[in-house]
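K.L.:
Mind docking chain B on chain A? Use the hints.
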Amino acid sequence: MIRLVRELYQYRGLLLSLVQRELKARYRGSFLGFLWTFLNPTLHMLVYVLLFTVVMRQNIPNYPFFMFVGLLPWIWFSTSIGGGASAISDRRDLLTKVRFPAQVLPTTVVVTNLCNFVFSLPLMLGLGIAYGQWPTWHVVLFPAVLLVQLIFTLALTYILAAINVTFRDLQHIVGNLITLWFFASPVLYPFSTIQDENIRTLMTALNPMVTLMTSYQAMFYEHRLPEAGPLLVLAAVSVALLYGASSIFESRREEFAESI
Amino acid sequence: MQESKDAIILKDVVKSFRKRTIRGEYTTFKSELVRWLRGQRQSRDASLITALRGIDLTIPRGKTVGIIGRNGSGKSTLLKLITGIYTPTSGTLEINGRISALLDLGAGFHPDFSGRENILINGIILGMTRAEVRARMDEIIAFSELGEFIDEPVRTYSSGMYMRLAFAVATHVDPDILIIDEILAVGDEHFSKKSLAKMTEFKRQGKTIVLVTHDLSTVERWCDLAAWIDGGYVRRVGKPSEITTEYRQAISLAEAQSAAFTPPALTEGGGALPEVHAAVPEVEAAPPVRLTGLHLSTSEGGVERELSPEDRMEVLVDFTSEGTCEDVEFVVALKGADGQLLYGTSLRVEEPRQLPSSGRVRLVLERLSLLAGAYTLQVTARAAGGSATESRAFQVGATEPEQGVFRPAHRWVVESSSPSVASSQPTDVSPRLAGGGHR
Chain A
1 MIRLVRELYQ
11 YRGLLLSLVQ
21 RELKARYRGS
31 FLGFLWTFLN
41 PTLHMLVYVL
51 LFTVVMRQNI
61 PNYPFFMFVG
71 LLPWIWFSTS
81 IGGGASAISD
91 RRDLLTKVRF
101 PAQVLPTTVV
111 VTNLCNFVFS
121 LPLMLGLGIA
131 YGQWPTWHVV
141 LFPAVLLVQL
151 IFTLALTYIL
161 AAINVTFRDL
171 QHIVGNLITL
181 WFFASPVLYP
191 FSTIQDENIR
201 TLMTALNPMV
211 TLMTSYQAMF
221 YEHRLPEAGP
231 LLVLAAVSVA
241 LLYGASSIFE
251 SRREEFAESI
Chain B
1 MQESKDAIIL
11 KDVVKSFRKR
21 TIRGEYTTFK
31 SELVRWLRGQ
41 RQSRDASLIT
51 ALRGIDLTIP
61 RGKTVGIIGR
71 NGSGKSTLLK
81 LITGIYTPTS
91 GTLEINGRIS
101 ALLDLGAGFH
111 PDFSGRENIL
121 INGIILGMTR
131 AEVRARMDEI
141 IAFSELGEFI
151 DEPVRTYSSG
161 MYMRLAFAVA
171 THVDPDILII
181 DEILAVGDEH
191 FSKKSLAKMT
201 EFKRQGKTIV
211 LVTHDLSTVE
221 RWCDLAAWID
231 GGYVRRVGKP
241 SEITTEYRQA
251 ISLAEAQSAA
261 FTPPALTEGG
271 GALPEVHAAV
281 PEVEAAPPVR
291 LTGLHLSTSE
301 GGVERELSPE
311 DRMEVLVDFT
321 SEGTCEDVEF
331 VVALKGADGQ
341 LLYGTSLRVE
351 EPRQLPSSGR
361 VRLVLERLSL
371 LAGAYTLQVT
381 ARAAGGSATE
391 SRAFQVGATE
401 PEQGVFRPAH
411 RWVVESSSPS
421 VASSQPTDVS
431 PRLAGGGHR
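Chains as they are written, first to last, in the working numbering: chain A, 1 to 260; chain B, 1 to 439.
Bound conformation, chain B alone:
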C-alpha cells in the first residue's frame, strides 16, 4: 500500500509571512511604542507577504524532481514547508517517508570541535541515531577525504574542507526523500564528481529526490520531472527539457520587455514572468511541421554514458509536415551547460534541398571534438506558420588533462634546429591525440 503512494502531495498550499519578519524588524518596546504613538495605522493584514499563493504539486515516489524559478519565487519556502520547518498558512501537505533535508550544509557545526565530534552531532541533528552515526563514521570520514584533519578542530579547516565534511555527513543520512537546495557544486572537480555519483546512487536506490537549483542543465540531465514555480504558483510541471526551454524563453522575454526584476513576493500579483505562448507552439495548434523524434546516437549506442571527445555522433531527427515543405528549415544548436551557444547551423544554409513531407534528417558529426562538460543539443524545425523544438542533453567525460571547450583535430611535431644531430628528420611524437579524428 505504502509503496504505491506518492511521496509528497501538496494541495493548495499557501504561505504568508508577516512583513516585519521579512524586513528583519523585531517587535521591541521601542517599535511598539512608536507604533502606539503613531496611532497604530498599520493593520496586521496589510503587512502580510504571501510567498506561496496556492501550490498544488504531487511528487511521485522514486522520482527526481527539479524545482526551478526566479530568485524569490518561493522555491526555498516550498522546501522549508516540505521539510516541516515552516507550517503552511493554509492548505494540506502529505509526506510519506523519512525526509532528509540538505538545506544548509554543516547545521550545528561547532568550530572548536574536531571533525569527528561534529560528524556525530551533525548526524544526530540531521536525524540519525547515535548508533547509526557511529556505524557510518568511517564511511563518512573516508568520503570527506579529510585524512588526519578529521581530529583537528573544524575552525582550522579551509572552507572547502568544511563543505566536504558537511556534505559527507548529509549524504550518509539514509532518507526516503532527499531535499536538496542548490548544493551539488561542492568542492573541486573531483569531489563534485563524487557527489554526483552519490546522487546517482540515491536515484538508483529508488529514493525520491527534490532538488532546487538554478543550474538548468542539471535539471535537464538529472531530473525525471521539472516544476517551475513562478509568482507563488506552480507555473508548469512536466518534462525537464520542455520546462527549462520555456523558462529560458520567459526570462529572455522578460528581459526584452525590460520587466523590472523586483522581489516577486513583494510585487502585485506575485511578479510572475510574462507568458510565452507566442513563442512556444501549443500541441493543439498543429504546426505545419512536427518533430516526431530526436535521437542522439554514437557508435556505441545512446548518449546515457559519458561520451569521449573523439566519439562520432549522429543526430537523428524524425519529422512530418503537412503538404510540401519547401520552406522548412532545420536548425541545430549546440549549447554549453550555461546555455551559451557553442555552435549553430542549419540545413538550408549548408545544403539547400527539397525535403520529403516526412522522413528523417541525419546530422553526422564525424568527431564530437567537445571537452568534458554537460551539453545540450537543440533541434528546431521552422516553417512558415510555426516551429517545433526538441532538445537532448548529453555529457562528455574527460580523457586527457585539457582545458577549454573543444579539441581541434591536431597533432604535435617536434623539429630539431641543430644540424649536428644525426637524425634531422621531423619527429612525430603524437599518436596520442590522434589528428584527423577517426579513431
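Bound-form chain A, shown alone:
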C-alpha cells in the first residue's frame, strides 16, 4: 500500500494533468460548457423532487435541499466506481505504450469526480440558504467525512479496475448494482423512516454508504455532528480495504499491459 501511494505521489504531475484534462474534456465542445457541472446534478435532483413531492408525497421539510445533501456525494461515489471499473481496461493506448504506474488511471477517475463534487458544493449551500438553512459550525467535520469516502471509493475502484482487466463482465455488473445500492442508501429518504432498529443496524453494517450519507445529512441538514462511532469504524474499514485493494492491485498489475 505504501508503494502504491508513494508512486502516486511521484506521478502526481501526471495525475494532476490527467484530472485537469478530464475536467476540461468533459464539457468541451458543449455550448454551456462548465455550467453542466451544476446543471447535471440539479436536473437529476429535480426529477426526484418531482417524484417525491408531487407523485409520492413525503412530509420532509425542505425536501429538495435534504436530497441534494445526499445526492451530490452519491454522484461522486457512483460515477467513480462506474467509470473506475473500466479505467484500466479502456486505456490500452497508454498502458501498452508507456510505462507508468497503473493506479494513476483509476485514481484519476475518482479525483476528477471529487473535483466535480467540490465544484457543485456552492450550489448545495446556496440551495440551503434559499431554504433558510445556513451552514453551522458542525460542518468542520466535513473534510473528515470526505476523506473517509475518498479512501473507501479509491479502495473499491482499485479492486474493480484490477479485476475488470481480465473479467470484463464486472463493469456491467457494477453498473446494475449501483442502482440497487442507490436505493439501499438513505439518499432519497431519511434513514429514520426505517422503523425497525435491527434492520437499521444491519444496513449500517452492510452498507458503508449509510454511514456516509447520514453523516453528510447530519452536518448540513440536521445541523448536528455525525455519529462518531460508525464513522470511525468505517474509517478503519476503509483503510483496511485500501490495504487489501493495493495487494490485489499489486499482484495483478504485471498482467495489465498483457491482458488489455
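Careful, some of the hints might be misleading.
[Stated by the list, open to error] Now the in silico label distances, taken between C-beta atoms and shown as ranges: (1) Gln20(A) / Arg248(B): 46 to 52 Å; (2) Arg116(B) / Arg26(A): 18 to 24 Å; (3) Gln10(A) / Leu316(B): 23 to 29 Å; (4) Gly404(B) / Gln10(A): 50 to 56 Å; (5) Leu93(B) / Val118(A): 38 to 44 Å; (6) Gln20(A) / Ala398(B): 42 to 48 Å; (7) Gln20(A) / Tyr343(B): 56 to 62 Å; (8) Arg130(B) / Asp169(A): 35 to 41 Å; (9) Ala240(A) / Ser192(B): 51 to 57 Å; (10) Gly373(B) / Glu250(A): 48 to 54 Å; (11) Leu35(A) / Thr156(B): 21 to 27 Å; (12) Arg98(B) / Tyr9(A): 51 to 57 Å; (13) Leu16(A) / Thr50(B): 48 to 54 Å; (14) Ile9(B) / Leu16(A): 45 to 51 Å.
[To be verified] Output of the computed footprint for chain B on chain A, the stretches with three or more beta carbons under 8 Å from beta carbons of chain B: (15) 24 to 35; (16) 97 to 103; (17) 252 to 259.
[Stated by the list, open to error] A short, non-exhaustive set of chain B residues, derived as facing chain A with CB atoms under 8 Å: (18) Gly84; (19) Thr87; (20) Ala101.
Just so you know, the hints here were simulated from the structure itself, not pulled from any lab data.
Bear in mind that the values here come from a model prediction, so they are computed numbers and not experimental data.
Cβ coordinates follow ideal geometry from the N, Cα and C atoms, glycine included.
P.N.:
This is chain B only, laid out in the frame that chain A set:
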C-alpha cells in the same frame, strides 16, 4: 562508476504469454462456463506462448544498437521488457539510466485538445515534468513546424501533422536511453531528414539508442552494433554489415527452401530461420582468398559525409590469398536502400588478368552518378573453395531537384526552329549539369 557500466543488461530473459491474451479472448462468464461444461480440458500450461526463450544481450553505454529480425520474432516484446511495460517471466534485466521509449507516437493524445495542450500531457506521460515541458514548449512547436495550427484541436490535423507533433514531443524528452520502434520514417522528405538530424544529435551526445527496424540499410548506416533476434533467441550480435548480410542470406535461403513463414512464436522451436553456415565462410575455415580491407574514398576523403552525384569515388580492396590465384574473381555489387541490385560487375568479366597473391584492387568510378539516397557497396572475392564478402554503406545527398536513381552524363541544348531569329546558332544552356562528369 556509473559511467563505465553498460546501459542495458539482459540475462536469460524469458517471456511467455497466456494464449488467450494473444488470441484476444478474454475470460468472460460465458467462456468460463463453456470451459467448465467441456470439463476444462485445456490446462493452463498448454496455452502458454513463449515469445522470448532466453535472451542474453548487453547494450553498452553510448552505443546505437539495431535490433533486426522477422515479424513476430520477439523484437517488440523485447523493447516492452526493456521499457518496463512487461515484466519478464524469468531472467534478470538491468537498466542504468532514464529511459524514453518511442514505441508509439502520440500516446494519450486527446482529439478535442489543441496541439499545445496535447504537448503538455504527452510530455508528462513520456516522463517529463510540467516545468520541463513548459520550458521546451517553444522548441517543440518550432520542431513540429505546425505554425498556427498548434492551437487548433488535434482532430483537425492531417495524419502527417499528427505524427510530426508526436515525434516532436517524443524527441524532446531528454533520456539517457532512447528506445525506438520503427518510427524514423515520419512525414515528408524534409521532416524525415530533420528527424535523422535529431537522432544524430542524440548519438553525438553519447546517448544509448536501441532501435528496432526492418530497414536494414538504416541499421548498416546508423548503428554501432546489430542484434539479430530469431525464434526467441539472440541469433547473432556483431558488426551491422555482417549481421544484415547474414540476415538477408537467411531470408533468401528460407524463401528458397519455401519454408512456411508462420508466426514464429506459435511455431515449434520458435520458427527460427535456417542456418546459413554454408553460405557464410567461417573465419576459422580460412578461405583461399581473404579481404583484408575495403575502403571507399573520394577526392575529399572518406564517405562519412553525404556525397554528391558528381563525386569521383574509388573502391579500394586489399586482399591476400594462398598461392597463385588464377581463379580469384572480384565481384562488385552496388545496392540501393531496399537491397535491390543497381549495378554489378566483376574484374574477371571486364578485364581478365593475372593477379598477385596479395595486393590491392582499385575500382575507379570517375563519376558516381547516383542520386540522393542510401547505398551499399558490396565486394565479394570468390575463389574455388570459398569466398569473402565485405560491404560499406554510403549516402548521397540531393543537390538538384531530380528524380530517379542515377544521373546520366548529360547536357541541354535548345535550338530555335524559326529562321527569322538572327542567331540561329544552337544555344547551349546547360553549364549547370555538367556533362562529361569531370567537375
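K.L.:
Has the hinted range 45 to 51 Å been met by the Cβ atoms of isoleucine 9(B) and leucine 16(A)?
P.N.:
violated, 35 Å
K.L.:
Is 42 to 48 Å respected by the C-beta to C-beta distance linking glutamine 20(A) and alanine 398(B)?
P.N.:
Since glutamine 20(A) and alanine 398(B) have Cβ atoms about 45 Å apart, the given range 42 to 48 Å holds.
K.L.:
Should the interface hint for threonine 87(B) be scored as holding, given a Cβ-Cβ cut-off of 8 Å against chain A?
P.N.:
holds, 5 Å
K.L.:
So does leucine 93(B) sit 38 to 44 Å from valine 118(A), Cβ to Cβ?
P.N.:
holds, 43 Å
K.L.:
With chain A as the partner, please determine if alanine 101(B) meets the hint condition of a C-beta pair closer than 8 Å.
P.N.:
holds, 7 Å
K.L.:
Between the beta carbons of glutamine 10(A) and leucine 316(B), is the distance compatible with 23 to 29 Å?
P.N.:
Roughly 56 Å apart at Cβ, these two residues miss the hinted range, so it is violated.
K.L.:
Examine the stretch 97 to 103 of chain A for residues whose CB is less than 8 Å from any CB of chain B, and state whether their number is three or more.
P.N.:
With 4 residues closer than 8 Å to chain B, the stretch 97 to 103 of chain A meets the three-residue bar; holds.
K.L.:
So the hint says 48 to 54 Å: do the beta-carbon atoms of glycine 373(B) and glutamate 250(A) match that?
P.N.:
Holds: the Cβ-Cβ distance is about 52 Å, inside 48 to 54 Å.
K.L.:
Closer than 8 Å, Cβ to Cβ, for at least three residues: run that test on the stretch 252 to 259 of chain A against chain B and report holds or violated.
P.N.:
Coverage by chain B holds here, the residue count being 4 at a Cβ distance below 8 Å.
K.L.:
Quick check: the stretch 24 to 35 of chain A, covered by chain B? Criterion 3+ residues, Cβ under 8 Å.
P.N.:
holds (count 4)
K.L.:
Holds or violated: 48 to 54 Å for the Cβ distance of leucine 16(A) and threonine 50(B)?
P.N.:
Given a distance of about 40 Å, which is not inside 48 to 54 Å, the answer is violated.
K.L.:
Regarding alanine 240(A) and serine 192(B), is the given constraint of 51 to 57 Å on their beta-carbon distance met?
P.N.:
Roughly 56 Å apart at Cβ, these two residues keep to the hinted range, so it holds.
Of the numbered hints listed earlier, those contradicted by the structure are 3, 12, 13 and 14.
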